[in-house]
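Colleague: Join the two chains into one complex using the hints; note that each chain is given alone, in its own frame.
These are the residues of each chain, in order.
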Amino acid sequence: MQPAEAVPNLYHPNLMRIAGFADETPDVRTLKLQFADAGEARAFTGWRPGQFGQFTVFGAGESVFALANKPWHPNGGAEPPTIECTFRAIGKVTNALRALSTGQTVGFRGPYGNHFPLDDWRGKHLVYIGGGIGMAALRSAMLETLDRKAEFGEVLILNGARTVADMVYKEEMPSWQAVQGVRVVRCVDPGGEGEGWDGEVGLLPNVFEKLALDPADRIVVACGPPVMLHYLFLSLGKLGYRPEQVVTTLENKMKCGIGHCGRCYVGPFSVCRDGPVVTWAELNELPKDY
Amino acid sequence: MDRTAWVLNETELRAWLQDLIAGERTVVAPVAEDGVVVYRPLAAAGQAVLEPRGKARWSPKEFLFPRTEALYSYSFKGDAVAITDPPRPERPQVLFGVRSCDAAGLARLDEIFLSGRTDPLYAARREATTVVTAGCAAADPECFCTAVGGSPVGEEAADLQLVPLDGGWLLRVLSGKGEALVGEAAAGWSAPPAESGERVAALEREVAAQIGRNPVPQEWAKVLEGGFASPSWDRLAAHCLGCSICAYVCPSCSCFDMNHEANAWCGEQCRSWDACTFVPFTLHASGHNPRATRGGRYRQRVLHKFAFTAEGEAHFRCVGCGRCVALCPAGLDISQIVTAAAAAIQEEGADAAR
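For the record, the sequence lines run as chains Z and V.
Residues in the first sequence are numbered consecutively from 1, following this note's numbering.
Residues in the second sequence are numbered consecutively from 291, following this note's numbering.
One chain only, chain V, in its complex shape (with noise of 0.2 Å):
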């Protein structure tokens, strides 16, 4: 029998979640908590959001990259000066009924976050994290996994994924930690129909086909790239609030802020989230703001989601969940800004050549 793919009815996942959450682990899934959608650590399993489709507000990155933490806290009387380093970081925990795109964004905050010199608070929350992916039956309007290089049923970061098949799930094991998560649990589960992988196969092809939008090339990150002084960018940025919705809903966006919460005698050093769509994101002590419009702070999202590469990463750092479409309050949808920026800077390169 098959080691590694299971197919699990409700009532055995439910069984194996809350088997999860009686062990040492803490378990984070979706629960609809006033209407909304949203990842918190479960108490029981009747609480998880379990469904073939739709995605949580948030992405579940905070459980890794809060949304504000701690880096040190320290005292200052007089010369005193005292400095406390947290504590390692919680018990392992599961990030449980993961969409696809959220597990890819994962895998981009560890490009972030993991390279150079490693952040260690980071690091021991990933260590201790195993991602159990739920992949997708259907798409949203918003949706685009397919048109960046993703798939409702990606494999990216996950250990473990759940595919939804026929009312219930196929579980297959991708890693030595999803193997661990299963452990015992497997021994009442039953076999997966012999044509699962053609079935995983249809499945992907019939979600891909109801996201809309077209496809964003690889090439284009050399075209968007130098097109960094298109005028396009400007108008396509007209709309822009500033707000930073886009940014706090990503799940690759990874820029943070770093600021002392103190009183006269006490304090920490904060990380928080930030946004490159903020006018004092750049902002110099001078007064100088080398993103001072508009166009230029909106042009850095794009071209870091679509452009800006570091060596050896072949891919974009939008994962394609969309939530910054549904959510922009200025209806902006960076899918197709890329593809009118792409289209204008293509065009003024052939003017110029005229």
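Isolated chain Z, as found in the complex (with noise of 0.2 Å):
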């Protein structure tokens, strides 16, 4: 018999090395990828912000996070691709994860999923809201405004946590800050304050409403707990936010990341194939199963 012949697989990951990373949180890290394999890194299409990966930790299993960094794209080798992804130390794998270190090797395969329509949204005031974590799914695309952010008109980032301590990117908030046109507002809930906390304090819907922003020509980009994004969609409304002015990301379980394993389904919606970024018109039109 002839030796097997291997299938193009679509579940293989490539192999990418530990180049570094930031602890954001007591359980929250931030990891620096780059690609084991030269070829691999040359043929890497780069990604859109609000596409997410799936990434290994070999002998535990995989994870899904969204690509956190300004999205790489080709660039003839002037810059190797680096990929960063914020996890929470939560399960078998993140806790696997967060116990590796510089140097090691994991796996990523993505991108997946659509993107934060950015092009769509020149001209216009935006917000970008994360509560906890959600921060991270927003990340990509709210650096890559600050890149492009003469296109834009006024920025504003409100990072929300329970707590001080579960404040993720406080180390580089001021460079966000810095960048002329744009403000940050930090909210920790009630009782999350600490000794010193020069920030806001209230639930962060409740922190919105108070900035008062004018909903004129302004889209809000958020991403949090489920139950924080309930009672900001309610704040949103009563401001006069329209639906279609919106935008959120569904994170639902995923394991293939290809609208195959069923998992993530939203009614007809496979979140990881024709999601992950949607509209608050759009999330209206699906049943509430997520």
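Treat the hints loosely; a few may be bogus.
No farther apart than 25 Å at their CA atoms in a straight line, the calculated lysine-lysine pairs in the BS3-like style are these [to be verified]: (1) Z:Lys-70 to Z:Lys-170; (2) Z:Lys-124 to Z:Lys-92; (3) Z:Lys-288 to V:Lys-512; (4) Z:Lys-32 to V:Lys-367; (5) Z:Lys-92 to V:Lys-367.
Hints are computed from structural coordinates only; laboratory data are not their basis.
Modeller: Written out as structure tokens, the structure reads:
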């Protein structure tokens, strides 16, 4: 018999080296990953903000994370692709991932899903609202926005967390604020403020209401836990935002990333294939199954 | 002489089957194993259970979509990670004596695995598979194919079709693959009787008349989807045990899990059958579960079969084989539940309008 021929494999991950990491909170870490193989790095075509990937810890399994850094695009070898992901150590795979150190190898496959339509938002004011680790799903779009700030109006970044200790991207927020026309507002839930906290205190939707922004020509991009989004949408409705002005990313349990395994369905909508980025208007058309 | 249909007696059928087994293809057919009929690769034609009625305990879907399989294997020693892709699937196979409902189930799997990004493992197996269906001369108590748009002599996904007639079998070619499978074997076979088309139609009507369940109209897809928030789902699912036997025996269920099976230095990325009626199916790492209730999970099962369809799919994903009805330990009958849900939703709508 002829030796069996391998088939092109949808699930075969690229091998990535951990080039560095930053601990955002006691249980949230951001990893910087680079392709172990130069050929695979050359073949990589980059991603659009809002897309996600499947990350493999060999011996433990795969987990889905948003691609969290500014989108990388092929640049003729000037700068190799670096992929960042921010994750909370909460289960088997993520705890195993957190145990790895710089120089070790993980797997990556992707990018998957649709993306934030940044080009459609040119000329508009933008609001990025991240609740807890939800900010990770927005960071790629937000960093690209800061990079292309001249194309947009005012940019407001609202980074909320339960407590000061749980706030992600603390170290880099000053660099966001440093961009002209950008305002960063930090807020923690009541009781989550510590000694010397100089940010806002309050539930994130309430803090957003108090900012009293004019909804005209504004796009709100929000990601956070389901309960936060529920109350945020109520606030947005009260403030006069139309559902078409509000964009979020659905984060259901996913495995395959390509619309086959069936677990991320919201009605007929496969989050990994048709999402994860949806407008509030699109969300209103879907059954409440997320 | 018609080159696309013949009549075979039992001896001719078994002789052809034996020739197929001796050839280059693996022939998979229903076999009685400890009293349970299951699909197995045949060593001899005599093993095959080829009856004018009845179905195997499991559908043949596992010969295209295995219960569990490695998507790749790997070793990881220190920083040296080496990944090995699986070999190209198997030699050509024939699925022989497949009931029409089960063949329709294969078409539903095609819609998942061959849509969007094609699954190469599934596609390679599918390409190498020839399906020979066996129509039914009688319905079993759990059968309801005609209630969901199917037929006991349905042609969907069939390359060749056997129909039981007069104690023998009418054999019809339905595709190029089917024609290739017959090849030269047809030389000694008899032409079908002139009225065989009408005989098949009469058989279809006869079997349909034995199926007692109410037809599920296509329009109910919208009714059911519109009734997503109906309180009736909790009531209808109250007896569901969450065991998911329904999904495991279902010819069209295609959901799967992906997990690593590994020791300290090597492992496999495995794909295994999974089911929306299991609690952890949609459980987020945060603890949030969009389908935290039994009613919510059972609703997903019903709606994915009868309401949520991709664009261009004008049929249900349930093929009416009835295995889930026969094997549910809580006695749930999906066809009755669909009827009850549609009625409850329409009544709630009428109440609201009053």
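Colleague: Under the constraints set out in the numbered hints, which ones does this structure not fulfil?
Modeller: 2
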